[in-house]
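What follows is the residue order along each chain.
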Amino acid sequence: MARVIVICMSNLNQWAEHTLNKTKECVIDSFAGPLHLQERLREMGLSTGLVIKIKGRAPWKGPWLIEYSETVLAIREQEAQCLIVKSL
Amino acid sequence: MLDREVPVTKKIKKVALVGSPNSGKTTLYNWLTNSNFKTVNYPGATVEFAYGNVNPALGSDLIFIDTPGVYSFQPKSRDEEVAMDAIYNNSVFGEVDGLIIVVDGTQLERHLLLAQQALETGFPFLLVLTMRDILQKANIELHKEILEKEFGARVVFFDGMLGQGLQDVILESANLKKTLSIEKASKWNDQKSEQLSARRQVLATRSLPNCEKKTFRHQTDQVDSLLLHPVFGLIFFFALMTVLFSSIYWAAAPFMDWIDQGFSWTAQTVLEKFPDQLWAEFFANGILTSFSAVLVFVPQIFILFFGVGLLESSGYLARAATLIDRPLAKIGLSGRSFVPLLSGFACAIPALMATRNLSSKRDRLITQLVIPLMACSARLPVYALLIGFLFPESPLFAGLALATLYLGALVIGAVASAILNRMIAKDQSGYFMMELPLYRLPKMSVILTQCFQRTKAYVKRAGPAIFIFAVVIWFATNFPKSEIHEQQLQQSYAGRAGQVIEPLFKPMGVDWRVGVGLISAFAAREVFVSSLAVVFQAANDDEATQQEALISQMHQARNSDGELIFTISSVIGLSIFFMIALQCMTTVAMMQRESNSWKLAIVQLIVFNGVAYALAVAVVQGLRSFGVA
Chain A
1 MARVIVICMS
11 NLNQWAEHTL
21 NKTKECVIDS
31 FAGPLHLQER
41 LREMGLSTGL
51 VIKIKGRAPW
61 KGPWLIEYSE
71 TVLAIREQEA
81 QCLIVKSL
Chain B
1 MLDREVPVTK
11 KIKKVALVGS
21 PNSGKTTLYN
31 WLTNSNFKTV
41 NYPGATVEFA
51 YGNVNPALGS
61 DLIFIDTPGV
71 YSFQPKSRDE
81 EVAMDAIYNN
91 SVFGEVDGLI
101 IVVDGTQLER
111 HLLLAQQALE
121 TGFPFLLVLT
131 MRDILQKANI
141 ELHKEILEKE
151 FGARVVFFDG
161 MLGQGLQDVI
171 LESANLKKTL
181 SIEKASKWND
191 QKSEQLSARR
201 QVLATRSLPN
211 CEKKTFRHQT
221 DQVDSLLLHP
231 VFGLIFFFAL
241 MTVLFSSIYW
251 AAAPFMDWID
261 QGFSWTAQTV
271 LEKFPDQLWA
281 EFFANGILTS
291 FSAVLVFVPQ
301 IFILFFGVGL
311 LESSGYLARA
321 ATLIDRPLAK
331 IGLSGRSFVP
341 LLSGFACAIP
351 ALMATRNLSS
361 KRDRLITQLV
371 IPLMACSARL
381 PVYALLIGFL
391 FPESPLFAGL
401 ALATLYLGAL
411 VIGAVASAIL
421 NRMIAKDQSG
431 YFMMELPLYR
441 LPKMSVILTQ
451 CFQRTKAYVK
461 RAGPAIFIFA
471 VVIWFATNFP
481 KSEIHEQQLQ
491 QSYAGRAGQV
501 IEPLFKPMGV
511 DWRVGVGLIS
521 AFAAREVFVS
531 SLAVVFQAAN
541 DDEATQQEAL
551 ISQMHQARNS
561 DGELIFTISS
571 VIGLSIFFMI
581 ALQCMTTVAM
591 MQRESNSWKL
601 AIVQLIVFNG
611 VAYALAVAVV
621 QGLRSFGVA
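Chains A and B are the protein sequences, given in the same order. Residue numbering for the first sequence follows this note's numbering, beginning at 1 and increasing consecutively. Residue numbering for the second sequence follows this note's numbering, beginning at 1 and increasing consecutively.
In case anyone wonders, no lab produced these hints; they're calculated from the structure. In this text the structure is predicted, and so the values were computed from the model without any measurement. Ideal Cβ positions, reconstructed from N, Cα and C, are used throughout, including at glycine. Possibly wrong hints are sitting among the right ones.
[Said to hold, decoys possible] 25 angstroms max Cα-Cα, derived DSS-like pairs, lysine-lysine:
(1) B:K13 to B:K184
(2) A:K86 to B:K192
(3) A:K86 to A:K55
(4) B:K330 to A:K61
(5) B:K330 to A:K55
(6) B:K426 to A:K61
(7) B:K330 to B:K192
(8) A:K53 to A:K86
[To be verified] From the structure, some residues in chain B lie toward chain A, with a derived Cβ separation under 10 angstroms:
(9) Q107
(10) S314
(11) P350
(12) E435
[Said to hold, decoys possible] Each pair of labels, with its calculated beta carbon distance range:
(13) B:P503 to A:K61: 37 to 45 angstroms
(14) A:K61 to B:I12: 47 to 55 angstroms
(15) B:R461 to A:S87: 56 to 64 angstroms
(16) A:E25 to B:S394: 48 to 56 angstroms
(17) B:N139 to A:L35: 39 to 47 angstroms
(18) A:K61 to B:R422: 20 to 28 angstroms
(19) B:S394 to A:S87: 55 to 63 angstroms
With the hints as constraints, model all of the structure from the sequences given.
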């Protein structure tokens, strides 16, 4: 059964370590947060149902690197919070 | 707006190039208009619209408009607003007659969003698919007829490397006809966004049927695994920056010697052939000395532009911005600020314009305020002279000293930014989302052409100021003529005026002659060097080159109290003054334009120069109190 995970929960690092390191792939379930950020994320090609792969993170807990549709996007944690994903 | 000076008539069709960042718009525009605008492998490189006639050799009567990259027709940053203004209501043509939607064939699903939105606007448009070479290398066929049917628009392939498809682009652009009234694209609700996204997915899958499971990113991913590594990535980043800025010194040295020797030989020949001729003295000691003092640094400036050009073309800048986003965020900046800041090392003017792709007004403002602290190319001749004075025999130490000055500029910028971060109220509009483009091998011919253009522009900009100050300073230091040669300088017009301003510069450890140089640097920073060369009569020395002659004169120069002027402390003080002082009036004017505030620009001018002076004085006096000469 799919597990719903909010990327930007306060325990993001824990989530990243325990979930992403195992699967590294998840699917976008929905969007949340400020509307202009949701809009921009959609404009950059992210949509519900899209599978994204978490490739890693920049140093000093910098932006996440996510891959989808031949695109790699660096995205800060607070923007990543707008993506609600579930593991595959 | 970059004016190409084309005759604007109602009959000529105006077609705007619209596309996502890094889709290849500027490359297409350069082919269409035979232009040489900078093409950069970094999202958000174009921040201003440009227009130009179609290349006459291609035989058509069209005007093409290049616009900054957009992710949608709903702008979210200043550069995206510029793009939308350019197509709906630009200051030259008003509304354009049609659009070319530039779509990266390897990013089809994502980039077709603009075509879907263009349909809503009513603009007639043509789809131009770029990056076909990458598709072909991967043996992927793109079925354009599916897209033509979907959008009711013609689709043309274009190869940015070879220019293939250019005639088709022009032909189809000429056929664009407005049949609908033009409207702004509406905001989509979530449901519609999802529907259209699903539609794009279907279109991409059908247009690229054999693309499944293939990736164009394999090599890029391999490189990224190292360059974005938390440890190796940072080591590489700092090593790259050190090599870039230190190489400016040692790589340019042989070329600088040739230029210097050339000027030196010319000046000596003129003085020998025409002894005791006033015009020959003016030409050799005034004009040639002034130009030699600055032009000798052109190789360094060329190398700086070349290094920045390589980084821009390779695709690494987006990675660098990502790597240092977090530390920059701590001081109120964004990873996106990195590129304007790096551009600031070449020139503050394009750097200030580059801040337009920052979404947050706050981030933009802080970046704009900090950019003049970056060590621009105009500071390079000053630094090189001062370092040459401190380390005359050691290119290695000189190179490291130059790298330290550049690093110092970053540190001062970081401190200023941290202060501004506390002073300016936070906003919520900022975000960091950065596409990491595929790495590309830089095209040397393009980079070299751009370097030549930028270096030429640098010389053209500095040339008139150098010439005017050469004339003024030579005249002011040589007249009225004194009967006692040793007192000529002190009794000259410049010498007399110098006594008045000397108290201002004495706390910095220098005398009025350096003060004249510091004041003349407000015309252009490089003029400081040429002014010193004239004031200290560098051409009269017997040294092999004029630069050596100037440094030799600096070593011997004494003030009216008989103390050496150029000492370790005063040279460090001068370096600090130049690191902070805002002497470029074009930068002040550009700051006003970009911030839309004269008040801010003038406050910045006063604060930067005040702090520069105060810090220089504090450092000189502090070092002297510790016994450093």
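- Query: Which of the numbered hints above does this structure break?
  - Reply: The structure conflicts with hints 7, 10, 11 and 13, although it agrees with all the remaining ones.
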